[in-house]
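Chemist: For this one, chain A is given, so just place chains B, C and D on it according to the hints.
These protein sequence lines are chains A, B, C and D, in that order. Take the first sequence: its position 145, counted from the start at 1, is 145 in our numbering, and no numbers get skipped. Take the second sequence: its position 135, counted from the start at 1, is 135 in our numbering, and no numbers get skipped. Take the third sequence: its position 247, counted from the start at 1, is 247 in our numbering, and no numbers get skipped. Take the fourth sequence: its position 61, counted from the start at 1, is 61 in our numbering, and no numbers get skipped.
The hints are simulated quantities; they were obtained by calculation from the structure and are not laboratory data. Honestly, I wouldn't trust all of these hints.
Copies of the same chain look alike in the list, so a pair counts if it fits in one copy or across any two.
[Unchecked claim] Listed below are the simulated DSSO-like cross-link pairs for lysine-lysine, each with C-alpha atoms no more than 27 Å apart in a straight line:
#, residue 1, residue 2
1, Lys94, Lys66
2, Lys36, Lys254
3, Lys40, Lys94
4, Lys134, Lys254
5, Lys5, Lys40
Protein chains: 4
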Amino acid sequence: MSVIKIGNVEIGGNRVIVAAGPCAIESEEQALTIAKSVQKSGALIFRGGAYKPRTKRSSFQGLGEKGLEILETVKRETGLLVITEVMDPRDVEKIYRFTDFFQIGSRSFQNFPLLIEVGKTNKPIMVKRGMGAKLDIYLSAVEYITAEGNEKVILCERGINALETYSKNTLDVNAIMALKTLSTFPVFGDPSHGTGRNDMVGRAAKACLVVGADGLLIEVHNNPSEALCDGDQALTLRQFDELMTELKELAQTKAIGRSI
Amino acid sequence: MSVIKIGNVEIGGNRVIVAAGPCAIESEEQALTIAKSVQKSGALIFRGGAYKPRTKRSSFQGLGEKGLEILETVKRETGLLVITEVMDPRDVEKIYRFTDFFQIGSRSFQNFPLLIEVGKTNKPIMVKRGMGAKLDIYLSAVEYITAEGNEKVILCERGINALETYSKNTLDVNAIMALKTLSTFPVFGDPSHGTGRNDMVGRAAKACLVVGADGLLIEVHNNPSEALCDGDQALTLRQFDELMTELKELAQTKAIGRSI
Amino acid sequence: MSVIKIGNVEIGGNRVIVAAGPCAIESEEQALTIAKSVQKSGALIFRGGAYKPRTKRSSFQGLGEKGLEILETVKRETGLLVITEVMDPRDVEKIYRFTDFFQIGSRSFQNFPLLIEVGKTNKPIMVKRGMGAKLDIYLSAVEYITAEGNEKVILCERGINALETYSKNTLDVNAIMALKTLSTFPVFGDPSHGTGRNDMVGRAAKACLVVGADGLLIEVHNNPSEALCDGDQALTLRQFDELMTELKELAQTKAIGRSI
Amino acid sequence: MSVIKIGNVEIGGNRVIVAAGPCAIESEEQALTIAKSVQKSGALIFRGGAYKPRTKRSSFQGLGEKGLEILETVKRETGLLVITEVMDPRDVEKIYRFTDFFQIGSRSFQNFPLLIEVGKTNKPIMVKRGMGAKLDIYLSAVEYITAEGNEKVILCERGINALETYSKNTLDVNAIMALKTLSTFPVFGDPSHGTGRNDMVGRAAKACLVVGADGLLIEVHNNPSEALCDGDQALTLRQFDELMTELKELAQTKAIGRSI
Numbered sequence: 001m002s003v004i005k006i007g008n009v010e011i012g013g014n015r016v017i018v019a020a021g022p023c024a025i026e027s028e029e030q031a032l033t034i035a036k037s038v039q040k041s042g043a044l045i046f047r048g049g050a051y052k053p054r055t056k057r058s059s060f061q062g063l064g065e066k067g068l069e070i071l072e073t074v075k076r077e078t079g080l081l082v083i084t085e086v087m088d089p090r091d092v093e094k095i096y097r098f099t100d101f102f103q104i105g106s107r108s109f110q111n112f113p114l115l116i117e118v119g120k121t122n123k124p125i126m127v128k129r130g131m132g133a134k135l136d137i138y139l140s141a142v143e144y145i146t147a148e149g150n151e152k153v154i155l156c157e158r159g160i161n162a163l164e165t166y167s168k169n170t171l172d173v174n175a176i177m178a179l180k181t182l183s184t185f186p187v188f189g190d191p192s193h194g195t196g197r198n199d200m201v202g203r204a205a206k207a208c209l210v211v212g213a214d215g216l217l218i219e220v221h222n223n224p225s226e227a228l229c230d231g232d233q234a235l236t237l238r239q240f241d242e243l244m245t246e247l248k249e250l251a252q253t254k255a256i257g258r259s260i
Numbered sequence: 001m002s003v004i005k006i007g008n009v010e011i012g013g014n015r016v017i018v019a020a021g022p023c024a025i026e027s028e029e030q031a032l033t034i035a036k037s038v039q040k041s042g043a044l045i046f047r048g049g050a051y052k053p054r055t056k057r058s059s060f061q062g063l064g065e066k067g068l069e070i071l072e073t074v075k076r077e078t079g080l081l082v083i084t085e086v087m088d089p090r091d092v093e094k095i096y097r098f099t100d101f102f103q104i105g106s107r108s109f110q111n112f113p114l115l116i117e118v119g120k121t122n123k124p125i126m127v128k129r130g131m132g133a134k135l136d137i138y139l140s141a142v143e144y145i146t147a148e149g150n151e152k153v154i155l156c157e158r159g160i161n162a163l164e165t166y167s168k169n170t171l172d173v174n175a176i177m178a179l180k181t182l183s184t185f186p187v188f189g190d191p192s193h194g195t196g197r198n199d200m201v202g203r204a205a206k207a208c209l210v211v212g213a214d215g216l217l218i219e220v221h222n223n224p225s226e227a228l229c230d231g232d233q234a235l236t237l238r239q240f241d242e243l244m245t246e247l248k249e250l251a252q253t254k255a256i257g258r259s260i
Numbered sequence: 001m002s003v004i005k006i007g008n009v010e011i012g013g014n015r016v017i018v019a020a021g022p023c024a025i026e027s028e029e030q031a032l033t034i035a036k037s038v039q040k041s042g043a044l045i046f047r048g049g050a051y052k053p054r055t056k057r058s059s060f061q062g063l064g065e066k067g068l069e070i071l072e073t074v075k076r077e078t079g080l081l082v083i084t085e086v087m088d089p090r091d092v093e094k095i096y097r098f099t100d101f102f103q104i105g106s107r108s109f110q111n112f113p114l115l116i117e118v119g120k121t122n123k124p125i126m127v128k129r130g131m132g133a134k135l136d137i138y139l140s141a142v143e144y145i146t147a148e149g150n151e152k153v154i155l156c157e158r159g160i161n162a163l164e165t166y167s168k169n170t171l172d173v174n175a176i177m178a179l180k181t182l183s184t185f186p187v188f189g190d191p192s193h194g195t196g197r198n199d200m201v202g203r204a205a206k207a208c209l210v211v212g213a214d215g216l217l218i219e220v221h222n223n224p225s226e227a228l229c230d231g232d233q234a235l236t237l238r239q240f241d242e243l244m245t246e247l248k249e250l251a252q253t254k255a256i257g258r259s260i
Numbered sequence: 001m002s003v004i005k006i007g008n009v010e011i012g013g014n015r016v017i018v019a020a021g022p023c024a025i026e027s028e029e030q031a032l033t034i035a036k037s038v039q040k041s042g043a044l045i046f047r048g049g050a051y052k053p054r055t056k057r058s059s060f061q062g063l064g065e066k067g068l069e070i071l072e073t074v075k076r077e078t079g080l081l082v083i084t085e086v087m088d089p090r091d092v093e094k095i096y097r098f099t100d101f102f103q104i105g106s107r108s109f110q111n112f113p114l115l116i117e118v119g120k121t122n123k124p125i126m127v128k129r130g131m132g133a134k135l136d137i138y139l140s141a142v143e144y145i146t147a148e149g150n151e152k153v154i155l156c157e158r159g160i161n162a163l164e165t166y167s168k169n170t171l172d173v174n175a176i177m178a179l180k181t182l183s184t185f186p187v188f189g190d191p192s193h194g195t196g197r198n199d200m201v202g203r204a205a206k207a208c209l210v211v212g213a214d215g216l217l218i219e220v221h222n223n224p225s226e227a228l229c230d231g232d233q234a235l236t237l238r239q240f241d242e243l244m245t246e247l248k249e250l251a252q253t254k255a256i257g258r259s260i
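This is chain A alone, in the form it adopts within the complex (with noise of 0.2 Å):
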């Protein structure tokens, strides 16, 4: 198992790491307001977007560079460690300087030369599992950042597309299993992508924990009816702190024996 040391966070230990944050930045006080308070409820790392992969051109897509400076701030500001995502190679160094972690997301789990740039930094990559991806397709991919030599790679199972008639994506609890066994890397789980509704992500951030995730990346938002991306599935700010306490309560069980 491989555990990836930033500051004074491992990833891949008996801890497990949520990082918390809404889908998109989209104002200073609007990051720092869920950054304070995800922290309070325990979360150690913030998770906003700047670049957003959308489906429609027409819908937001990030601040960009604006947002990586809020990120900036938002990590001076509370000591959250930060991550988030990567579109593009031309934007990997630029990213570089403002993040602890680069996040790929699930439309580019194949990008190649995307993968190959980041690869070439020594900062953490979470690459989040293509919709449709076979877990050997998967692996495959991420053999693309360790070729370069970077091996703090941190898997995601987010969703995949499969019968849903209910919720956005199917959260597949059995690829957590199967990865942590079919590759060392630490496993997260993302219960947001995962249902896609508000009502479902506390329960799926349960099942996340019990099947043996390292860690969580779940969306909050102060005010999910005015997020400008993905609020369906964003949980406010004190569900997350309920939440997060109902995750304390059982990762601590015997049955779990982990910690939050």
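Modeler: Structure of chains B, C and D alone, referenced to chain A:
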């Protein structure tokens, strides 16, 4: 929420009901050994197949009537409730005399003559979701039962066909959550078929529990490596016992708030 | 390659056999009108459902025995061969007296008691592929028939569940090609269920033909907009006639080298 | 219906356009041999990859710039139009100088920075459908191109991930029909990737033709067993020539009414 009472067992109430036993009844000794053990561990229902729907004609097809008689012996000697699968409308009357619950397998979920026939009885019926069934199709199928006047339907998520390269099926925990909202029937999870792998069953069972399943259907065998059916996914008696201890602990957390 | 001879019709030979008719038999007049018309256009087999497996209990379930009698009338008045679906093993004996072929629907492809029961007869059996059935699973299912001594199996690709947002199913032409290699049975294509849309059926039928289907199963109705079942995918009598002209032309090219 | 004219080739008109060539350009000799042969057989466009997106990092990744120079030689010596894939937005300018069409591979169909970059050019762009892309998602992706002002989009169905146990992908002929209705762009079919098997490519090409494809993208190699990429699905020069004869015959039937 409909609650199905049978003897002193309530399905769909606060208590999570565990049904356990072998894929197929192989002998009286095998069945009794397993039944007594899972009962001691906390199972309230004994599961065991007498008529087995097998992908291949050459696979063990179950003991048939002899299996039903063994089921009766188990019931008499242990006091456990029993559940067994019916595949053929011509067998409904016969199986009725031996079982407390009818089980409709995933391959039969749209076997409408069969659904109508069991719907005419007064016994509870667990209908497993088809491996490729969208939830609306699944819920439409059980209307063939309720239209006959039998409302004692129990749903069961047992894994879908998706992108597996490692597990046999993809356990769809989202479906458990969705079915709790879309219907009033109790919802079971089947971590044995949902994963198809001994090393995943326990964690999958926990996942079903924490997302809100009202019951679990778990395959247990006294000698999995010699099982005539699905030995790869059977827990040993000891593994099942340890799992029940863990499930009880998790169920009783404030985060879950149930008993087993 | 097995060839099934019945009357003067050879299935699995050079001639591509077309079975056409309504989803469900609705009345003697409807059935005769359609049968005479499709016969004139070149169909050799009349298809019509008397027992219909419908997703919803509230949908028209077929005329039952009355439908079988109409089928007999069609047979007598036109001389066409007839095919109709059997869903229930208890109906095999009764339907046997009226039909030339048994049809096993996709929802029943793993209804093993039913497969065994028709396998005991000496009539040809068309088994439709399950909507989510991998080819090896499909071919294993038909062994339940051949194990009973009936080798007169006809396979039929009728569309799978995949990524449709427009058509009802996804016609899998690769399956037609693969089944011709993996088995010795004649292989039909069902462009009606394979697309679910009147405007696609003709082109889909051509696709089945050019990839090597030995026969086509096509839904035709004298008044699709009033059909009691699957009117969206039914061709009108005139559309069917025009399609047959086109199919004959294509079949006779050197590129295809068959007749219809 | 939009028609894209380039030189004397019209894409989206009555004539079905065939693009043929190797998966990857391996050498000048290989490329010229294949190009001259497919041209003689009736192909109007030469396809050949210089930058190859390969599942595995250890697979041949293409000749890169050297491949582009070979492409230029092919163009000069044969007069054929050429198409080649672009994977990286940083390569758009370079590849622009060598190619007549940009090809966006299925793994890149939601590579939005790449789509925007090619959208800024004035060259036609073939965007292959993602292997798991529903049609509305696919059509939303190409809006990233048209929003930049480039309307010269060509769609291409190349097989989806479904239930294959025999072929590599599942050719979705319904998608070709649907895309002709849902959009105004020309639609190609790719029988090579759609099947992944030499013995199926020809029949699959015919299926694409008869359902209405405006063009075909076919992999051809002078020595498939030695190909550095996807040799299993490459036609030999002779197979391609024979196929073109058959396709021409089929296209000219009244039933199809097109030329090649």
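Chemist: Evaluate each hint against the coordinates.
Modeler: Hint check results:
1. Lys94 x Lys66: within (12 Å within a copy, 30 Å between copies)
2. Lys36 x Lys254: The answer is between: 26 Å across copies meets 27 Å, while 31 Å in one copy does not.
3. Lys40 x Lys94: neither (29 Å within a copy, 50 Å between copies)
4. Lys134 x Lys254: neither (33 Å within a copy, 36 Å between copies)
5. Lys5 x Lys40: within (22 Å within a copy, 45 Å between copies)
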